[in-house]
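Sequence order for the protein chains is Y and F. Under the working numbering, the first residue of the first sequence carries the number 14, and numbering increases by one thereafter. Under the working numbering, the first residue of the second sequence carries the number 80, and numbering increases by one thereafter.
What the hints contain is simulated information worked out from the structure, not anything from laboratory work. Some hints here could point you the wrong way.
[Unchecked claim] Simulated DEER-style distance windows between Cβ atoms: (1) PHE496(F) to GLY59(Y): 28 to 38 Å; (2) GLU89(Y) to ALA845(F): 51 to 61 Å; (3) GLU127(Y) to ILE455(F): 15 to 25 Å; (4) ARG89(F) to ASP186(Y): 23 to 33 Å; (5) PHE496(F) to GLU127(Y): 23 to 33 Å; (6) TRP506(F) to GLU136(Y): 33 to 43 Å; (7) SER24(Y) to VAL494(F): 52 to 62 Å; (8) ILE455(F) to LYS145(Y): 38 to 48 Å; (9) GLU137(Y) to ALA369(F): 28 to 38 Å; (10) GLU89(Y) to GLN849(F): 27 to 37 Å.
Glycine residues also receive a C-beta, built at the ideal position from the N, C-alpha and C atoms.
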Amino acid sequence: MPKEVLLSLKSISKTYDMGEVKVEALRETSLDIYKGELIVILGPSGSGKSTLLNIVGGMDRPTEGRVFYRGRDITEFDDKELTLYRRREVGFIFQLYNLMASLTARENVELATELVNNPLSAEEVLAGGGLKERMDHFPSQLSGGEQQRVAIARAVAKNPGLLLGDEPTGALDYETGIQILALLREINVSYGTTVVIITHNVAIADMADRVVRLRSGQIVKDKENPEPVPAERIVW
Amino acid sequence: MKALDKRLFRTILGAKAQYGAVIIIICIGLATLISISNTAESMATSLDEYYRQYQFADMFAEFTDVPVSTIDDLGQQREIESVEARIVTDVRADVGRELNPTLRLVSISSDQQINGLYVQAGRIPSVSGERGIALLNAFAQANDLTVGDKIDLIIRGESFPVTVTALVDSPEYIYAIKDIKSMLPDNLNFGIGFINLPLLQEVMAMPGQANNAVFSLRPGVDEEAIRDKIKEDFKSRGLKSIVTREDQVSHALIDMEIEQMKRMSRAVPTMFLGIAALVIYMLISRLVQADRTSIGILKATGYSNWEVMGHYLKLALLLGLVGAISGIAAGYLLAGFYTRLMLDYFHLPLLEVNLYYGFIFLGLLFTLLFCGLTGILAARGVLGIAPAEAMRPQALPPGRKSLLEKWAPQLWAQVTFSWKLVLRGIWRNWRRFALAAVGVALTYAIMLFGVYAFSLWDVIIDQQFGQIETYDYAVSFIKPVSFKAVTDMRSDARIPIIEPFLELPFQVVRGWREQTVLARALPRATVLYRFEDQEGNIVSLPAEGILLSQGLAKSIGVDRGDMVELSSYATGGQSHLVPVKAVVTQYLGSGMYMSLNQMERLTRQKDTFSGVVLSSAADIKATFQNMANIESIYSSADLVNTFSEYMGLIIASAGFMILLGGLLGFAILYNTTSVSIAEREREFSSLRVLGFTQKEIFQLVTRENAIALVAGLIMGAPLGKTMVVLMINAVAGSTGEMFYFPTAISPGAYLITAGLVTGFMVLTLAAVRQKVRRLNFLEALSSRLT
Chain Y
14 MPKEVLLSLK SISKTYDMGE VKVEALRETS LDIYKGELIV ILGPSGSGKS TLLNIVGGMD
74 RPTEGRVFYR GRDITEFDDK ELTLYRRREV GFIFQLYNLM ASLTARENVE LATELVNNPL
134 SAEEVLAGGG LKERMDHFPS QLSGGEQQRV AIARAVAKNP GLLLGDEPTG ALDYETGIQI
194 LALLREINVS YGTTVVIITH NVAIADMADR VVRLRSGQIV KDKENPEPVP AERIVW
Chain F
80 MKALDKRLFR TILGAKAQYG AVIIIICIGL ATLISISNTA ESMATSLDEY YRQYQFADMF
140 AEFTDVPVST IDDLGQQREI ESVEARIVTD VRADVGRELN PTLRLVSISS DQQINGLYVQ
200 AGRIPSVSGE RGIALLNAFA QANDLTVGDK IDLIIRGESF PVTVTALVDS PEYIYAIKDI
260 KSMLPDNLNF GIGFINLPLL QEVMAMPGQA NNAVFSLRPG VDEEAIRDKI KEDFKSRGLK
320 SIVTREDQVS HALIDMEIEQ MKRMSRAVPT MFLGIAALVI YMLISRLVQA DRTSIGILKA
380 TGYSNWEVMG HYLKLALLLG LVGAISGIAA GYLLAGFYTR LMLDYFHLPL LEVNLYYGFI
440 FLGLLFTLLF CGLTGILAAR GVLGIAPAEA MRPQALPPGR KSLLEKWAPQ LWAQVTFSWK
500 LVLRGIWRNW RRFALAAVGV ALTYAIMLFG VYAFSLWDVI IDQQFGQIET YDYAVSFIKP
560 VSFKAVTDMR SDARIPIIEP FLELPFQVVR GWREQTVLAR ALPRATVLYR FEDQEGNIVS
620 LPAEGILLSQ GLAKSIGVDR GDMVELSSYA TGGQSHLVPV KAVVTQYLGS GMYMSLNQME
680 RLTRQKDTFS GVVLSSAADI KATFQNMANI ESIYSSADLV NTFSEYMGLI IASAGFMILL
740 GGLLGFAILY NTTSVSIAER EREFSSLRVL GFTQKEIFQL VTRENAIALV AGLIMGAPLG
800 KTMVVLMINA VAGSTGEMFY FPTAISPGAY LITAGLVTGF MVLTLAAVRQ KVRRLNFLEA
860 LSSRLT
């Protein structure tokens, strides 16, 4: 079966103007992301992976180049269209969970579901993340892993086409990290959501359908993984 | 409820004191607007209705004693619908007390249409031989008189017993004072009695005569034209003065009161809403800063700029709405109370406290507009937060050397480390510091106004009765007397100092402006009057020319050196050009003064005096009260007492103002300090980790506030002075001829205010102290919740 391109980066460059110095975060990078795949982008800090993720997620614009999502050029979008793109198509997961402290787990998820027309049920998604008994707790009453699962539920409940994780296990201990990765794979499989994870943790690449390596703003390797391993078997 | 809205509520609940303070400020502003506007509107509406139902006269004329037919002739004017000839005269009445109050007798007729009486109890005396009197309700109550009681009228030394048949109110005496000089009603010592014309003619020995006329005009008539015409036609037929309704004492004072209330109902709420807006701005802009990461997440999740801004705007509007609704409710409760307070001074029987819903709309509109605009302004910071950047820790603000470091490095080197931290902190966050200083300045200004108002009446009374009019009693006669009568009086009653005066109404004309003024002529060497010009120089009574009080000079539009035209029935209607020699300070009432010689030149009246002022420690009232020719005896002490009662009200409202100032100051300072602590949570936490004690951290806060306090006090003094001048102009604008409020503020007032503000600052610091104590530095440093 031919793979369907969901998102396509064409010769993307991103330069940050820091006054006296210009920092080139991405240099003429091109990448296709296919529908339904779980892709891991590896790179050391400063390699441009966060910039790449932000551009893919419609949070930032490239200085040059074009980004096509389902054939539409999102670099042409105005702020309103870009907001709609993030609202309907993208779910973000952050390294530091970034939950709203004054909202319960359930309410944090509802924050996202209220935005879209056909969301998944907040309760179901939370239950799927093993948080059935913890829904009405405030973030400060949850462990780090639980908080990250709430964050994932928040991203997934919108039923986005694209789930983006920025070092989603970066702040977690090994066992909790593995649980989170397993959850991401499960979402990828059961909802058919395309998942992009950026990390500097090479071990995570083992579970990916495809691994992309970034260095100094350029893709140095883009390789399919014919035999991804289940998250539970990853070791670091 | 949407999740974001839940967050909003929890944000508010999490900082109840800060948001509560804003709500209280708005509530006070709105309560003032509603209570005063509603009272003013209720009074104005009831007044119109009262005037309409009881046919309040359009014009009022005073005559010398003339035949009733002279006044009936007035009715021949086409523009006049009806005219009623009356006798109005002041006598003393024995009501069974030691001192006899002054009773103004006003004649009524059986077919009376104009100035109808509102009967509170009893019935209007009948014409048929009954010797009855209807008393003004307030006077009867103050003197414990009721229907059926008998009182004695003392006329020419004789007693005339009359029976009280009714307690009434009259549209002519809603505000019942003897004349404009007495200013405040004194229901115990001055009242109105209504008697049938034939009976009054009989007891006054004025058969077939009258000395007063009231008339109503046909609709659409030019009042001033007809007034001038009558003045011209009747000046040689005994007309002393004629005024339109606008200048009728009772009406003019109610009108002034309503006007003053309306001014106040605009000025005070605007000030409060302005301050609320300032605090809201501070709270929300700081909240947006603190919520940086949350805003980033919301945007990343797909919330639009407008939706996120709307979140904060809702907060501003919610504060406004809660404040406005509670303020409106409190305002309507207060309106009833305030209206009752007005009824102590104004006898308005038809007064109904209506609720004017327009003010609700107005209040809500203004509050939401103020809060909404402030909210948008404060939340615009949301626009600048890019979602991608907001996820990263915020870059440290650039460390900058303070001015002191740059300009005086040696001095800077002397500064201790913790002071350096304080100074750098101020330098770096100058906006926050400026806001705190402005908060102090505003508090200072409002409290200064309260402290000033507190002493205002003391100053006025002290100046008026201690410096300007130093006599103890002023006696006016029914019929003018000669100098010999004055000297007889002096020796009979062994009065140390007595000075005669002649008081006559004059028409003062300057260009197109014209005004009727009571002129008082005094001996040139008077020691019982002392005049000061507005620069504070003592002015002696000129041989030629007149002195005008500042309020009068302003309303006629003249200054020192200008010429005015004077005319009077006593000059036979002839005009004289006279120079204004000085504009003199008078705190209570207004007046025109001249020497007896000047008066004589104008009126050709010699050796004629209408009253005396005197200085005596003895109780002159008891000695003189039953003398035949005495119309009234004013005692300065009584006047001061009447004012003192009124002062209770003034002091209460000044105290309220000080309290409000303190509350506002507390709201502002508590908020700026809380914000300052919250913003520096990390910085303080780092210092705690370094080994700073809680006390030392608190000291940093204290020192920053101390500097803000000093800066605020320095700014507050001129600001307060400006506010006093503005408020006095706003509130007193319409009372120029009645009161003169000195806007000079004593150094003591500045000092007391500074002390009060410092006290509130100390309270604020005590209140935020526990915030520092609760600072959990470990959590602050490793915080990953937003």
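Here's how the hints hold up against the structure:
1. Our hint of 28 to 38 Å for PHE496(F) and GLY59(Y) holds, since their Cβ atoms are close to 36 Å apart.
2. In this structure the supplied range 51 to 61 Å holds for GLU89(Y) paired with ALA845(F), their Cβ-Cβ distance being about 59 Å.
3. Checked against the hint of 15 to 25 Å, the pair GLU127(Y) and ILE455(F) passes, with Cβ atoms roughly 23 Å apart.
4. Between ARG89(F) and ASP186(Y) the beta carbon distance is about 30 Å. The supplied range of 23 to 33 Å therefore holds.
5. Judged by the Cβ atoms, the range 23 to 33 Å given for PHE496(F) and GLU127(Y) is violated: they are separated by roughly 51 Å.
6. Distance hint check for TRP506(F) and GLU136(Y): the Cβ-Cβ separation is about 52 Å, which falls outside the suggested range of 33 to 43 Å.
7. Distance hint for SER24(Y) and VAL494(F): a CB-CB separation of about 56 Å, consistent with the stated range 52 to 62 Å.
8. For the pair ILE455(F) and LYS145(Y), the beta carbons lie near 42 Å from each other, so the given range of 38 to 48 Å is met.
9. At roughly 33 Å, the beta-carbon separation of GLU137(Y) and ALA369(F) lies within the given 28 to 38 Å, and the hint holds.
10. Evaluation of the 27 to 37 Å hint for GLU89(Y) and GLN849(F) yields a failure: the beta carbon distance comes to about 54 Å.
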